[in-house]
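Based on the sequences and whatever the hints tell you, model everything.
Just so you know, the sequences run in chain order W and S.
Residue 1 is where the first sequence starts when you use UniProt numbering, and the numbers rise one by one after that.
Residue 1 is where the second sequence starts when you use UniProt numbering, and the numbers rise one by one after that.
Calculated directly from the structure, the hints in this document are not laboratory data.
Any given hint could turn out to be false.
Treat identical chains as interchangeable: a pair holds within one or across any two.
As the list claims (entries may be wrong) - Calculated lysine-lysine pairs in the DSSO-like style (CA-CA distance at most 30 Å, straight line):
#1 K217 / K72
#2 K94 / K306
#3 K61 / K217
#4 K306 / K61
#5 K72 / K175
#6 K84 / K34
#7 K152 / K7
#8 K197 / K61
#9 K293 / K175
#10 K234 / K61
On a predicted model such as this, the values are computed, not experimentally measured, just so you know.
2 protein chains.
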Amino acid sequence: MTEVRNKQVVLRDYVSGFPKESDMNIVEGTITLKLPEGSDEVLLKNLYLSCDPYMRILMTKVEDPDFFSNYKPGSPLTGYGVSKVVESGDPDYKKGDLVWGITKWEEFSLIPSSLILFKIEHTDVPLSYYTGILGMPGVTAYAGFFEVGSPKKGENVFVSAASGAVGQLVGQFAKLNDCYVVGSAGSKDKVDLLKNKLGFDEAFNYKEETDLNATLKRYFPEGIDIYFENVGGKTLDAVLLNMRVHGRIPICGMISQYNLTQPEGVTNLANLIFKRVRMEGFMVTEYYHLYPKFLEFVLPHIREGKIVYVEDIAEGLENGPTALVGLFSGRNVGKQVLVVARD
Amino acid sequence: MTEVRNKQVVLRDYVSGFPKESDMNIVEGTITLKLPEGSDEVLLKNLYLSCDPYMRILMTKVEDPDFFSNYKPGSPLTGYGVSKVVESGDPDYKKGDLVWGITKWEEFSLIPSSLILFKIEHTDVPLSYYTGILGMPGVTAYAGFFEVGSPKKGENVFVSAASGAVGQLVGQFAKLNDCYVVGSAGSKDKVDLLKNKLGFDEAFNYKEETDLNATLKRYFPEGIDIYFENVGGKTLDAVLLNMRVHGRIPICGMISQYNLTQPEGVTNLANLIFKRVRMEGFMVTEYYHLYPKFLEFVLPHIREGKIVYVEDIAEGLENGPTALVGLFSGRNVGKQVLVVARD
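This is the structure:
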């Protein structure tokens, strides 16, 4: 039996308010690199872990049993990741397969194979992309923009958290769809990235704008057809004053609200009536059936350089808490990836 | 030339806050009961005028030119009404025709025929119904519930302002669709009406509930599939905590917010994501093409007594301001109609 070290990122206790690095512990356990006798589970070596805003929600103690199940203090975090199969009790997977899906924040994980979402078939692109453009955030942007947003050519699109894992893709998808696209982000560097690398028509730093309503009127004198909602709160409230008739608001996330004990009040919802706007929450988990179609769409664009993807890479599981917490102050520039091992 | 008295309800000035009777003047003018030479307009005798919550919105001074055009101080209000054609310059209408559509709050109106929506063909039902169940509120309830709400048999439906012009119909349509229906209203009498006359499964007086979230959990232990939104504010916020996965919120109105200078903040919008809820504003004006189909559906139900309609009738144009203002304190029980003349 080969027993090896298995470093883990463990939630210390339920979190309220902004998460801190100290809300998580780095724990050094061990794991036997052998499937238990008769197990149908899969033993994974985790390579790349994905830092995603929704993880904050799972850190909150929630009573509602309808709610997706949250993290348990004392256990490692779970999340999306790219892993290599070490041993498999499920005939669908074999040693050496690369997969992406839900795994645990540790070096090696023994998990039910049902948590694996897809086998990785294309390795001519960076493996880490399967935590981003070729993984959950990619399908999120694709389904949210095309399925929920129902874009028409030439429409006016606004994306918040625009340089993030999902936002940077929504903007590029919108440009491929001949839309006019404006993004908001929280620093000058991100704004530069949006305009100079990611092909947004315009971008602004929301932290420097004192009147978001006026800002949006400047960038969208004729109004917004699609607002791809990642942040909630004040931005949403200003957007509601600037939607066009029959506009759509796919709600992907509301990162500005996740750390607030009392979320901000949104006051301009009556505009949904006046402008006959559809606002719709969605979750990527209901769209994974589109993954093959999505890959067919996105892989050629990546290979031809027509879609680019910006990653922010943190090295080493022990830097996981910092990387994860950084999402909520906007420290990351682009998709926040955590490298556990490169192969 | 027959010159006759033409009493009018005139807006005194733009309104902020709750409207008062004194925001309107009763003005006695005169009108010549003869079309001007060569006019293609229509001269109407107004019979029944409709008091509708949206009219409050038109009393506010609004700068946005995209907005629907608001009332002008010094001019009579406009609104839905049932009228009789006195003389017509449009060959589609002739003397004696009964019509419903947009008219002015006065005894006689000279209007472009384009403001007439439909000729009234069925007069075996009360004429006043064409301001309610057979008019704008009827199409609103029908389109909002069936088209925007996409109901399935057996779903759980919650209706606010449930005894109002639209709400009472939504509830009855939902019952015809085998749904479980709960309504909220603002008095014991209205609650009795909902349960004993309008066929709601349950109803409650929201003014007597101290914790709307708990109230909704009591009536909807499994959550709400469709919330037909008429009021906004606190009710919406509590509903958001009680929506079921893939729920729908057709937004018809937000009457609780129209009189507030600063609307209430809605804090639970993130639940739209967790429960993948669609919230959609709509306006009846985009659904009038359904009117013939709607009449075919609703007339037999009225004649067979399977759908009932509760009206609150005010007599005389001079009582118009009181009737209209009463909507915002919930004084009316059922559809508020104003009788100008009976034929």
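So, going through the hints one by one against the coordinates:
1. Taking the shortest alpha-carbon separations for K217 and K72, only the inter-copy value of 26 Å comes in at or below 30 Å, while the best intra-copy value is 45 Å.
2. Within a single copy, K94 and K306 get their C-alpha atoms no closer than 34 Å, and across copies no closer than 64 Å, so neither meets the 30 Å cut-off.
3. Taking the shortest Cα distances, K61 and K217 sit within 30 Å of each other only across copies (20 Å), while inside one copy they are farther apart (39 Å).
4. Taking identical chains as interchangeable, the C-alpha atoms of K306 and K61 are never at most 30 Å apart, the minima being 42 Å within one chain and 48 Å between chains.
5. In this assembly of identical chains, the alpha carbons of K72 and K175 never lie at most 30 Å apart, being 41 Å within a copy and 43 Å across copies at closest.
6. In this homomeric assembly, K84 and K34 come within 30 Å of each other (Cα to Cα) only inside a single copy, at 14 Å, whereas the closest approach across copies is 88 Å.
7. For the homomeric pair K152 and K7, neither the shortest alpha-carbon distance inside one copy (48 Å) nor that between copies (50 Å) is at most 30 Å.
8. Within a single copy, K197 and K61 get their C-alpha atoms no closer than 40 Å, and across copies no closer than 44 Å, so neither meets the 30 Å cut-off.
9. For the identical chains of this complex, K293 and K175 are intra-copy neighbours only, at 19 Å inside a copy versus 41 Å across copies, given an alpha-carbon limit of 30 Å.
10. Taking the closest pair of Cα atoms, K234 and K61 come within 30 Å of each other both inside a single copy (25 Å) and across two copies (24 Å).
In summary, the numbered hints that this structure violates are 2, 4, 5, 7, 8.
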